[in-house]
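Construct the entire structure; sequences and hints are all you get.
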Amino acid sequence: MRKPRATAATSGPDGLAPAGDVAAIVAGTHGDPFAVLGVQEAGKGFVARCFVPNAEFVTAYT
Numbered sequence: 225m226r227k228p229r230a231t232a233a234t235s236g237p238d239g240l241a242p243a244g245d246v247a248a249i250v251a252g253t254h255g256d257p258f259a260v261l262g263v264q265e266a267g268k269g270f271v272a273r274c275f276v277p278n279a280e281f282v283t284a285y286t
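Taking this note's numbering, the leading residue of the sequence shown gets 225, the next gets one more, and so forth.
No lab work stands behind these hints, which were simulated from the structure alone. We treat Cβ as the ideally placed atom computed from N, Cα and C, and that holds for glycine. Please note that a few of the clues may not be correct.
To be verified - Label pairs and their in silico Cβ distance ranges:
hint, residue 1, residue 2, range
1, Ala247, Ala279, 16 to 26 Å
2, Thr286, Thr253, 24 to 34 Å
3, Tyr285, Thr253, 29 to 39 Å
4, Ala279, Phe258, 11 to 21 Å
5, Asp238, Val282, 14 to 24 Å
6, Val276, Thr253, 28 to 38 Å
Structure, rendered in structure tokens:
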């Protein structure tokens, strides 16, 4: 399994994606959505992000 890549978008310890990245993903204009989505390093751990329009919830199994 590849190591998840760290990006500027995921460097904060809270794991939240920047609002500009979220808006661009929703609009379909983000140049590299997988730099924000998927498993990313966040602080001392990892965060998993997904974009699932109209989903009421998402479950992640570890």
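- Go through the numbered hints given earlier and state which of them the structure violates, listing their numbers in rising order. 6
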